[in-house]
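Q: What follows is each chain in one-letter form.
2 protein chains.
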Amino acid sequence: MRQVAIVGVGLIGGSFGLALRKAGFSGTIVGVSSERTIEKALACGAIDRGMTLDEAAESSDLLFLAQPIYAIMETLEKLLPTLGRNTLVTDAGSTKREITETAARFLPRDLFLGGHPMAGGEKRGVEAARADLFVGRRWVLDVNRFNVGHPAATVFRKWIREFGAQEVLLDPKRHDRLVAWASHLPQLASTALASAIQDSMPEAQTVAGPGVMDMTRLAMSSWDLWNDILATNSLEVGAALDAYISKLQDMRQDMAREFANGSAFAKSLRGENE
Amino acid sequence: MRQVAIVGVGLIGGSFGLALRKAGFSGTIVGVSSERTIEKALACGAIDRGMTLDEAAESSDLLFLAQPIYAIMETLEKLLPTLGRNTLVTDAGSTKREITETAARFLPRDLFLGGHPMAGGEKRGVEAARADLFVGRRWVLDVNRFNVGHPAATVFRKWIREFGAQEVLLDPKRHDRLVAWASHLPQLASTALASAIQDSMPEAQTVAGPGVMDMTRLAMSSWDLWNDILATNSLEVGAALDAYISKLQDMRQDMAREFANGSAFAKSLRGENE
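As they're listed, the protein sequences go chains V and H. Numbering-wise, the first sequence is residues 1 to 274 according to this note's numbering. Numbering-wise, the second sequence is residues 1 to 274 according to this note's numbering.
Hint data in this document are derived by calculation from the structure and do not stem from the laboratory. These figures come from a predicted structure and were not determined experimentally.
One copy or two, it doesn't matter: identical chains are merged, so the pair holds either way.
Distance condition first, Cα-Cα at most 16 Å in a straight line; then the derived EDC-like pairs of lysine to aspartate or glutamate:
(1) Lys-267 to Glu-122
(2) Lys-267 to Glu-203
(3) Lys-173 to Glu-203
(4) Lys-123 to Glu-272
(5) Lys-267 to Asp-199
(6) Lys-22 to Asp-132
Construct the entire structure; sequences and hints are all you get.
A: Below is the structure:
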C-alpha cells in the first residue's frame, strides 16, 4: 500500500495517521480537511500533505473516513466518480447501519468495509491525537464485508492488530443495538444526571466525591458529536432509554435485588467472578 | 490525647488508625470489632489492641464510630452509662440527620461531634485500609457542633488536616440533602444502568468501552452498605430520583440544551471554565 487518505483529520483521523506511522507504514499519508486543520495535522506529523477529496479518492489505496456520521454519508454519496478502481473505503462512524446502507446504495459492494474504532476522549481535534489511542480498544468491522477479498482489507486488518486494537466482527444492525446499551445509554444517563443536578442542586458540588466525578465524565462530551450518533440510532437508543427509566421507577420495589443484579453485570464487565 | 478507640474496624476505621499513626499519634489505638476483625487489624497495624465497647468507652479520650449507620445509632443509644466524662464521640456515618438526632437524645450535647469522611472504595474491610485514604478528600463535620469547645475536638480537627483531608462544616440536614444528589443519586443511577443492561442486553459487553466502565463502577458497591444509607435518607433520595427520572423523560425535547447544561455542571465540578 503506497498511499492512505484520511478524510476528516480530527482526534480519530489524526490518531490513525500517527498510529500508522508508528506501526511502520512507509507510504504517503494524505489528509482531507479544512485548511486550518491540515496545517495543524502537518505540524503534529499526522499527515504528510493535504489534498482535495477528489484528488485523494483518485490517487489513494485506502480512504479512511473519520468525519462526523452525516458527513461520512455525504462523502459516500459523491465518492464514486473519482474513486480509484482498486481503492478501498473504510470509516470510523460510531453507528453503522445507516452508513453501510448508504455505502451499499452508492458504492460497489467490494469497495466499502464499515468500521468503528471504539476509542475517543473528551478532547477533540487533531491537537488531541495520539499514536496509542487505539491500544487495548475494540475495532468493530462489518462481519458481512470483512472477508471482502480486497488486498487493502488484509493490510488494513493487520494494521488494526499492530495498533494494539482488538478486531470485533459484527453485523451493522447488531452493532447499533449493542452500542445503544453499552455506549449511547451510558452517555444519556451521564448527561441527564449532570443536567438534573445542575438544574436542581448545583450546590451538591460542595460534597462531590469520586463517584459523581465518574458518573459525569461522559457528560462533558460534545453535542456536535452526539447529535449524529443519536439521530442515526434513535430507535435502539429510545428502547434502551425507556428500559432505563422503567428500571429507575421500579428499583425501589426490590433494591437489594437491583444491587445484586447491577453488581453482577459490573463485575462481569471487568472479568471478575462473583 | 492518650487513647483513641475505633469502633468498627473496617475500611474507614482501619484507615483512620493507619492515618493516625502516620500523622505521628503516639498514644494507644484501640479497636472494637469482632474477634476475627481485631486479629486482622492488629496484623496490619491499624490498632494496638482489642477491647470491648464498654472498656473502650470508659478508658479512651476519643471514640471514632466507623460502623454501618444503624449500628452507629445502636452504639450511641447504649454508650452513656460507660462513657468517660471527658470522652468525645465522633462518627463516620454517610448520613448525618438520623445519627445526630439519636446522639442528641442519648448523649450530652457537648460529647458528640458528627462527621462524614467522604472516602471509600469498592473493597471493604480492614484488609483494604490505607493510611492515605483521606488524602484530598472532604471530611464533613456538623457545623452546629464543630466549635464544641471540647479539647479533643481541637485535636481531632487538627488530625483531619494532617490526614490531608479538607474539613467542610455543614448542618446535618443540609449534608443529607447535598449527598442525596452528589452521592446517593449517582449510586442509584449506576446500579440501575448496570441492572438494566444485565436484564435487557448483557451481550452489550462485547462492545464495552471506557464510558460504560466509568458508569458502572459504583454499581459494584455492596447493598449491605447502601441499605442503611438509603433508609436513613429516603425522602431526599426519593426527590432526587424523581427529578432524575423526569429529566430522562424530558431530555428528548431539547437534547442540545441538556448536553450544554450537563456539560456545564461536569466542567464546573472539575473547576474548568466554559
